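Participant: Chain residues, written in single-letter form:
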Amino acid sequence: MTINRHNYEEFFLLYVDNELSATERKAVDVFVQENPDLQIELILLQETLVKADDIVLDKKDWLYMEEDISALQEDLLLYVDGELKEADKKTVESVLATNISAQKEWAVLQQTKLQPDMDVVFADKQSLYRKEPGRVVPFKWWRVAAAAVLLGFGIWTGVSVYKNSNTTKIGKGEYVDNKKTSTDQKTADPDQGNQAVRQQPDERSAVENTVSTTTQKNNEGQPAQNIKTAVEKNNNQSIVSPKENTTVQNNNNKKPDNNLPLPERNRSGKPALQNINNSGSNETTVQNVLPSNTNSNRVSGNNDAVVKLTSKENRTIVENVSTNKTDPNITAIAVVNTNKAADGENNNRYLDVDDDKQKRSALGGFLRKAKRVLERNTNVKTGDGVKIAGFEIALK
Amino acid sequence: MTEREYNECVNLYADNVYRFILKNLRHNEDAKDVVQGAFEKLWINRDKVENGRSKSYLFTIAYNQMIDHIRKSKRIVLSEDFSENAKGETSQKHDAKRILNEALYKLNEKQRSLVLLKDYEGYSYDEIGQITGLNESQVKVYLHRARLQLREYIVSPENVI
Numbered sequence: 001m002t003i004n005r006h007n008y009e010e011f012f013l014l015y016v017d018n019e020l021s022a023t024e025r026k027a028v029d030v031f032v033q034e035n036p037d038l039q040i041e042l043i044l045l046q047e048t049l050v051k052a053d054d055i056v057l058d059k060k061d062w063l064y065m066e067e068d069i070s071a072l073q074e075d076l077l078l079y080v081d082g083e084l085k086e087a088d089k090k091t092v093e094s095v096l097a098t099n100i101s102a103q104k105e106w107a108v109l110q111q112t113k114l115q116p117d118m119d120v121v122f123a124d125k126q127s128l129y130r131k132e133p134g135r136v137v138p139f140k141w142w143r144v145a146a147a148a149v150l151l152g153f154g155i156w157t158g159v160s161v162y163k164n165s166n167t168t169k170i171g172k173g174e175y176v177d178n179k180k181t182s183t184d185q186k187t188a189d190p191d192q193g194n195q196a197v198r199q200q201p202d203e204r205s206a207v208e209n210t211v212s213t214t215t216q217k218n219n220e221g222q223p224a225q226n227i228k229t230a231v232e233k234n235n236n237q238s239i240v241s242p243k244e245n246t247t248v249q250n251n252n253n254k255k256p257d258n259n260l261p262l263p264e265r266n267r268s269g270k271p272a273l274q275n276i277n278n279s280g281s282n283e284t285t286v287q288n289v290l291p292s293n294t295n296s297n298r299v300s301g302n303n304d305a306v307v308k309l310t311s312k313e314n315r316t317i318v319e320n321v322s323t324n325k326t327d328p329n330i331t332a333i334a335v336v337n338t339n340k341a342a343d344g345e346n347n348n349r350y351l352d353v354d355d356d357k358q359k360r361s362a363l364g365g366f367l368r369k370a371k372r373v374l375e376r377n378t379n380v381k382t383g384d385g386v387k388i389a390g391f392e393i394a395l396k
Numbered sequence: 397m398t399e400r401e402y403n404e405c406v407n408l409y410a411d412n413v414y415r416f417i418l419k420n421l422r423h424n425e426d427a428k429d430v431v432q433g434a435f436e437k438l439w440i441n442r443d444k445v446e447n448g449r450s451k452s453y454l455f456t457i458a459y460n461q462m463i464d465h466i467r468k469s470k471r472i473v474l475s476e477d478f479s480e481n482a483k484g485e486t487s488q489k490h491d492a493k494r495i496l497n498e499a500l501y502k503l504n505e506k507q508r509s510l511v512l513l514k515d516y517e518g519y520s521y522d523e524i525g526q527i528t529g530l531n532e533s534q535v536k537v538y539l540h541r542a543r544l545q546l547r548e549y550i551v552s553p554e555n556v557i
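Chain order of the listed sequences is A and B. Take the first sequence: its position 229, counting from 1, is numbered 229 in the working numbering, and each next residue is one higher. Take the second sequence: its position 28, counting from 1, is numbered 424 in the working numbering, and each next residue is one higher.
Looking at chain B on its own, in the form it has when it is part of the complex (with noise of 0.2 angstroms):
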């Protein structure tokens, strides 16, 4: 990878990765330094990095530095979230994102993960395995659990739409 693909991955990327980051971890500084991280990381390799495979690996290396992040933290997050928009319309859309995002802060952080790999970037099974180290059939499960449980607190009672 040169020097001007590199930069070209900042520029391709580095808000697909803080958004993810940001989504988990739910903190703006901490999720900077994830992100900060990552591409520090791709520089350093980045002559064993395929210029077509920096995408997978930014989230690789994001994703492993953010589990370790969470590990070391232990961090109860209390900030709002930033998916949110601020302008206090309460629509019915609004609502609807509002409780999916409570649904998705309950699922434990790898099924989040794998939640947002999936919807956010379109990954495949295949691929959210290799960026999380999980083999196909286990990233398969883990996410039909995932889903299953937002589908469960969408459709409770004191969340119907």
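In isolation and in its complexed conformation, chain A is listed as follows (with noise of 0.2 angstroms):
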């Protein structure tokens, strides 16, 4: 690039940092030559390089670079640092014990070496002590899935408490729907506290007649029982609808205070549902039931709850056994004192009870579901209650 009136400047700059070849120098002084009027602005830019020739460094030895450390000394510094290895180490240990320089050498060295001094102590460690705030514990996954189980089986067994309503099983094993009207769920009445078991007038009839008729057809020899039924009332409304072809009758004994069983009835005798309207006591009801044949014959579906009798020699006891629906409205429970079988054993029988027209309460029938559904998982006979963590609710 030649140099002209429009670049000179870039030039001249480049020509005082003497940064320009020995042919653009020149090329520099030519033009300079031809253009006098600039001449003046290259001197006064070389004025402006600052020279240095002023400033001296005193005392340069601590610059010098030590040459003369010895291999041995080098060897003896690494030895006092512990930095040599195993055979290093052992090699300067043997010409120490030889060299007597050496031994001197290693003397003075060592004495370079520094002892920490063990009664300096940091005396405030308290201030230095932290502590980390208090943090959420994470919830254990396994909780969670405790709880969701927990929840998953009290709404399944609350819709079982609330879809089955409708079945009522007779005899051993038969079970007899209910009437239409009969299958109206029945909610409990919260102002009837302790009241069982209750049934229309209008179904009583129906009922003794449906016992007449299933005592006619009772030819095969089963032995009449005695059903007992026992009510028991509860602050829960439990209710028993009636239903079409039981043949459990409202029976209006009570039972004594000692709650030992009533006689037993004559098979002449109809069984009749209690239909007990008073409230605030609690009663047990005899009833005659007259099965209707031994052949199972469950109706599978809608279930009423379903009363599993047993009897003892003087005494009946009455579980409750669930099947897989429970009417909320049913709480009535069966005492049955069968008549020593043929064969000698236990019958268990299954008591259908109406419920169609008698108010529950959902509380207790759900309880009743849940102790059943619980004995039976665990073969755990309870009482006539419903048990809780240990407690035992009585239910009326």
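I should point out that these hints are in silico values taken from the structure, not numbers from a laboratory. Warning: the hint list may mix true and false statements.
As the list claims (entries may be wrong) - Lysine to aspartate or glutamate pairs mimicking EDC-like chemistry, simulated, CA-CA at most 20 angstroms apart:
{"#": "1", "chain 1": "B", "residue 1": "K506", "chain 2": "B", "residue 2": "E548"}
{"#": "2", "chain 1": "B", "residue 1": "K493", "chain 2": "B", "residue 2": "E548"}
{"#": "3", "chain 1": "B", "residue 1": "K437", "chain 2": "B", "residue 2": "E399"}
{"#": "4", "chain 1": "A", "residue 1": "K131", "chain 2": "B", "residue 2": "E436"}
{"#": "5", "chain 1": "A", "residue 1": "K125", "chain 2": "B", "residue 2": "E436"}
{"#": "6", "chain 1": "B", "residue 1": "K444", "chain 2": "B", "residue 2": "E401"}
{"#": "7", "chain 1": "A", "residue 1": "K85", "chain 2": "B", "residue 2": "E436"}
{"#": "8", "chain 1": "B", "residue 1": "K428", "chain 2": "A", "residue 2": "D124"}
{"#": "9", "chain 1": "A", "residue 1": "K85", "chain 2": "B", "residue 2": "D515"}
{"#": "10", "chain 1": "B", "residue 1": "K451", "chain 2": "A", "residue 2": "D117"}
The model shown is predicted, which means the values in this text are computed figures rather than measured ones.
Assembling the complex is the task here: the two chains are given apart, and the hints tell you how they should meet.
Facilitator: Shown next as structure tokens:
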């Protein structure tokens, strides 16, 4: 690139910085001679140069490299620092054992080794300690799973109680569907806390007729069974809705306060459901129930709370046995005094209790259902009440 | 690093760090401040520091804070030497230690730190390099020079033991 009046400034700066080649410096000199008005500009630029000749560094000794550190001294320094490998360490030790000057040098170098003063301690350690703030413990997943299982069980139980309301069972393993009028789920009457079983008057006659019919049909020699219906009252409304073809009739007999079963009725006695409209007392009624047949003829589906009855010689034990579903309105428990069967075995009778027209406590029905499930699963026979967490709630 | 491990570090290394810093700064309160700052940083970064490297981490932080402090304050230390026993005994051993301390303070802060890390804590060249930000060969050269300087001071005619 040739110098001219448009680019001479760059060439002047490079000239002052001594960055131009000999040829380019000569070209700048020629340009300046041809343009004398620009010469003064080049001179001014040259005067801006700073000269460093006046600054001198004294005492350069500490900058000099010590080239005369002997190999032995180097090894001794490494030995003092503990940086020698095992093989080299043995070599140095062997030299020290024989070389007197090395021993002297080693003695001096050992004196340059500092020893910590253990009396110097940091007194205020308390100010250094720290404590983490409280943290949230994560909820363990298995607890969540357990809670979900319990919740699911509760929902399932509630659904079962809600759906199961229309099935009754008569005799041994026979279920009889309710009439339409009697299939309505009766909800608990909160005002009748202790009322156990009720049956509408118009249903009672139908039941009695049914019992008569089944009595006639019972020609298979099955022992007549006196079924004593134990009706317990509790604070939760217990309602049994009457069903068609039920052979259980209300009996107005009242259970003695000592809870002993009432005497058996003869076969001619018509079983009847006890119609208890009063409240506030525990009652056990005796029912005569004549099973229609011995064949197990369960009708699956919407079953009422099934009462599984076992009898002993002079006592009856009533168990509530749940089927798949439980009518929340059924709370009546039938206590059966069975005559000894021909085979001498206890007969398990299933008793359907009509719950059509009787109000029951939804909670009581739910608790009963839960109780039956527990008993069935755990084979634990409980009393007449529902056990929850070791506490038994008497069901009336 | 857990809370328990951190507090254990306080028990194990607070004295060592304090001794190292105090020997360098020769000022009690400044040394305490540096120690406090170093442990504070360890606590803040406890999740990032493994328990096995906590000591070197502490010394690294303390060393850097000490250098910063020296550069900021440019203090000329006139306080007494805390490593001295103030009983007034004049034993040969006591003189040797005094002379060595004097020689130590003839070194610059970097050389002094290297000598202290080597002699007080027994760190290797590599570990000292990680703490001070030097490479291993630099540590070796600086440390050897410092050692020879101490040697020269000890054997000088005015300090002959």
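Participant: Does each hint fit the structure? Answer for all of them.
Facilitator: Right, here's what the structure says about each hint:
1. K506/B x E548/B: The hint holds at about 18 angstroms.
2. K493/B x E548/B: The hint holds at about 15 angstroms.
3. K437/B x E399/B: This hinted pair holds, its Cα atoms lying about 14 angstroms apart.
4. K131/A x E436/B: holds (12 angstroms)
5. K125/A x E436/B: holds (12 angstroms)
6. K444/B x E401/B: Distance ~13 angstroms between K444/B and E401/B Cα, so the pair holds.
7. K85/A x E436/B: Answer violated: K85/A to E436/B is near 38 angstroms, above 20 angstroms.
8. K428/B x D124/A: holds (9 angstroms)
9. K85/A x D515/B: holds (18 angstroms)
10. K451/B x D117/A: holds (19 angstroms)
Figure legend: structure checked against the earlier numbered hints; the only hint not met is number 7.
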